[in-house]
Amino acid sequence: MGILLATSPLLIVALGALLVMLVEAFAPKLQRGELAWATAVTLVGGALASASVWMVGTVGIPGAEALAPYLLTDRFALFFDFTICVGAALAALLAGGYLPEHGIERGEFYVLLLWSTLGAMMLAGAGDLLSLFIGLETLSLGVYAMTAFRRASPRSTEAAMKYFLLGSFAAALLLYGGALLYGATGHTDLAGIGQRIAEGTASPVLLLVATALIVAGLAFKVSAVPFHAWTPDAYEGAPTPATAFMAVVVKSAAFAMMLRVLTVALGAKATSSWGAGWSTVLAPIAVATMTYANLVAGRQSSVKRMLAYSSIAHAGYVLVGVAATVRSSGAEAQAAVLFYLLAYTVSTAGAFGALVLAGSRGAESVSYEDLAGLGRRHPAVALPFALFLFSLAGVPPTAGFFGKFYLFRAAMYAEGSFRWLVVIALLNSVVGAYYYLRVLVFMYMREPAPGAPIAKPMKSAYVTAALVACALLVLALGLAPGASLDLALLAPARG
Amino acid sequence: MLATYAPLFLLFAVAAVLVLGLFFATPLLGAKVPPNAEKMLPFECGAETTGSRHVKLSVKFYMTAILFVVFDVEAIFIYPWAIQFRTLGWVGLATMTGFLATLALALVYCWKKGALEWEH
Numbered sequence: 000m001g002i003l004l005a006t007s008p009l010l011i012v013a014l015g016a017l018l019v020m021l022v023e024a025f026a027p028k029l030q031r032g033e034l035a036w037a038t039a040v041t042l043v044g045g046a047l048a049s050a051s052v053w054m055v056g057t058v059g060i061p062g063a064e065a066l067a068p069y070l071l072t073d074r075f076a077l078f079f080d081f082t083i084c085v086g087a088a089l090a091a092l093l094a095g096g097y098l099p100e101h102g103i104e105r106g107e108f109y110v111l112l113l114w115s116t117l118g119a120m121m122l123a124g125a126g127d128l129l130s131l132f133i134g135l136e137t138l139s140l141g142v143y144a145m146t147a148f149r150r151a152s153p154r155s156t157e158a159a160m161k162y163f164l165l166g167s168f169a170a171a172l173l174l175y176g177g178a179l180l181y182g183a184t185g186h187t188d189l190a191g192i193g194q195r196i197a198e199g200t201a202s203p204v205l206l207l208v209a210t211a212l213i214v215a216g217l218a219f220k221v222s223a224v225p226f227h228a229w230t231p232d233a234y235e236g237a238p239t240p241a242t243a244f245m246a247v248v249v250k251s252a253a254f255a256m257m258l259r260v261l262t263v264a265l266g267a268k269a270t271s272s273w274g275a276g277w278s279t280v281l282a283p284i285a286v287a288t289m290t291y292a293n294l295v296a297g298r299q300s301s302v303k304r305m306l307a308y309s310s311i312a313h314a315g316y317v318l319v320g321v322a323a324t325v326r327s328s329g330a331e332a333q334a335a336v337l338f339y340l341l342a343y344t345v346s347t348a349g350a351f352g353a354l355v356l357a358g359s360r361g362a363e364s365v366s367y368e369d370l371a372g373l374g375r376r377h378p379a380v381a382l383p384f385a386l387f388l389f390s391l392a393g394v395p396p397t398a399g400f401f402g403k404f405y406l407f408r409a410a411m412y413a414e415g416s417f418r419w420l421v422v423i424a425l426l427n428s429v430v431g432a433y434y435y436l437r438v439l440v441f442m443y444m445r446e447p448a449p450g451a452p453i454a455k456p457m458k459s460a461y462v463t464a465a466l467v468a469c470a471l472l473v474l475a476l477g478l479a480p481g482a483s484l485d486l487a488l489l490a491p492a493r494g
Numbered sequence: 000m001l002a003t004y005a006p007l008f009l010l011f012a013v014a015a016v017l018v019l020g021l022f023f024a025t026p027l028l029g030a031k032v033p034p035n036a037e038k039m040l041p042f043e044c045g046a047e048t049t050g051s052r053h054v055k056l057s058v059k060f061y062m063t064a065i066l067f068v069v070f071d072v073e074a075i076f077i078y079p080w081a082i083q084f085r086t087l088g089w090v091g092l093a094t095m096t097g098f099l100a101t102l103a104l105a106l107v108y109c110w111k112k113g114a115l116e117w118e119h
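Taken in sequence, the protein lines are chains X and A.
Going by numbering that gives the first Met the number 0, the first residue of the first sequence is number 0, and it counts up by one from there.
Going by numbering that gives the first Met the number 0, the first residue of the second sequence is number 0, and it counts up by one from there.
Check before you lean on any hint, since a few could be wrong.
As the list claims (entries may be wrong) - Only pairs whose alpha carbons sit at most 16 Å apart, straight line, appear in this in silico EDC-like list of lysine to aspartate or glutamate:
#1 A:LYS111 / X:GLU107
#2 A:LYS59 / A:GLU118
#3 X:LYS28 / X:GLU107
#4 X:LYS455 / X:GLU368
#5 A:LYS112 / X:GLU107
#6 X:LYS161 / X:ASP232
What the hints assert, rightly or not - Distance windows between CB atoms, simulated:
#7 X:ARG105 / A:LEU40: 44 to 50 Å
#8 A:LEU40 / X:LEU29: 58 to 64 Å
#9 A:LEU87 / X:THR156: 41 to 47 Å
#10 A:ALA81 / X:LEU66: 19 to 25 Å
#11 X:ALA65 / A:PHE70: 26 to 32 Å
#12 A:ILE82 / X:PRO27: 39 to 45 Å
I should point out that these hints are in silico values taken from the structure, not numbers from a laboratory.
The beta-carbon is built from N, C-alpha and C at its ideal position, and this holds for glycine as well.
With the rest of the complex left out, here is chain X (with noise of 0.2 Å):
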């Protein structure tokens, strides 16, 4: 009964996939709508079931360790199975109101949805080379056929496409590096892996090419420059809730196979024997990406191509989190790590939701033009947008700005210098600032040329609810940070 209970959330989420998946096809007469709604408590209930494990304890449960190291139910898992659903359960709603506006109705979606979160928290919980390589694989291939969802539409073919190919191409690199790393110690758990490295038998040349690939593939995953490239294109070609899923669920499941990797297998003191290892790597790609990511995005005339390009800024942040944790007071990086990916979930679903409720059918509002007086005209879909983009820039009280907070104050205070990273950071957060500022001078500022077509707000009560979730989400963890940065501390990652 302890694996049970210890896997809750991943059953609830299995069989609340499974449940939409034949409803879906027996009962095809049923509102879509009802879909969304199952699928979004499904994903709820998969966040609470993971909140009463935690409070339960996952050291106690009898039984727990039994999938160890397959899949680990530890706190840092559950945190990040937390962050997950709740992200996947923002999605469904906004495909709730999305899907039938634009005429891309079908149930599939939220089947794809459900089985590629389950996807998403295995590879949180995966402790071992194998599970992590089939939690990535059931993550991407649902986000694949998501993005390809708008059939009609040579954009999203073309978005699929690339994503496929190059999301095959990363995993390929990092099969292979998990391969050399299995060659050089002899492991494929993680945890074996970090203790043979430790011990120093392992080939030091086999190690290195082994890590290469291995962040060179971590990278690609969670699309930092010079690994971006699918990103723009994949965003911007995907329908909104699919974009929305991609830049919060997928990329803070990447982000905790990337914190598992390398803090367990290739951790710090079993790569000192080699240089500083990863940190040294991953410091230049974190600059590259912060500074590329914002320079470009303010050149960006479709606004989802901006939050496109603002995905790939904020993963640079992270990265400057994830470079930290290599130092002795790594813990808390590590925290300000997982409390920036939830308050960035809340902020960017808040804003693709405002996205989309900006549109309507046959007239997807997507430019700087589109939001041209929305400010005036709707004001309820111009005021939760503004306060998502605030929280976006890191502007007090909203949770971007404690999640910026959080890790560049770990990384300051992080023995050895990271403090050239975190200047950097700092000034890039302001250029980051410009490009969410002009959308709200747009909305608030512009009015529509004349004669342009003015785009009207699409009405649902699917997508109105998940804006209030975000803005509430948003507020709250921007006004008493502090309970859920607590949390985040207790939950370390372990082989």
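Position chain A relative to chain X; hints supplied.
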């Protein structure tokens, strides 16, 4: 150690010499014929190509192939369980029942969605 592979390297060397030698010897030894339409065809001595290269295959072939691969791979999971049947005991039986039930539901889904219909 490396000497074990000596015959292999010899094979590579012979293959390289043969291919490169023939490639460069042909224009030197052969008759000089000015290029003509027949000569410039991709396969000057093959059969004439007929029809379009873009043959559309029905999606049902892919469907069948994918379903076959999926269920085939899943079936492989049953073998190790069957070998360890007594060791794994009731927990193993319960787990495998859950697995097979999920698989059966997937089959029901495919069936209901018409993925198994050949004629529509």
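Hints versus structure:
Restraint check: the Cα-Cα separation between A:LYS111 and X:GLU107 comes to about 13 Å, which is no more than 16 Å; the hinted pair holds. Restraint check for A:LYS59 and A:GLU118: the C-alpha separation of about 10 Å stays at or below 16 Å, so the hint holds. This hinted pair checks out: X:LYS28 and X:GLU107 have alpha carbons roughly 14 Å apart, not beyond 16 Å. At most 16 Å may separate the alpha-carbon atoms for a hinted pair to count; X:LYS455 and X:GLU368 meet this at roughly 13 Å.
Simply put, A:LYS112 and X:GLU107 have alpha-carbon atoms about 11 Å apart, close enough for the 16 Å limit, and the pair holds. As the CA atoms of X:LYS161 and X:ASP232 are separated by approximately 8 Å, the hinted pair is consistent with the 16 Å bound. Take X:ARG105 and A:LEU40: their Cβ atoms lie about 48 Å apart, and the range 44 to 50 Å holds. Distance hint check for A:LEU40 and X:LEU29: the Cβ-Cβ separation is about 59 Å, which falls inside the suggested range of 58 to 64 Å.
In this structure, A:LEU87 and X:THR156 meet the distance hint of 41 to 47 Å, their C-beta atoms being roughly 45 Å apart. Look at A:ALA81 against X:LEU66: about 21 Å separates their beta carbons, and that is inside 19 to 25 Å. As the Cβ distance of X:ALA65 to A:PHE70 is approximately 28 Å, the hint placing it in 26 to 32 Å holds. For the pair A:ILE82 and X:PRO27, the beta carbons lie near 42 Å from each other, so the given range of 39 to 45 Å is met.
Of the numbered hints stated above, none is contradicted by the structure.
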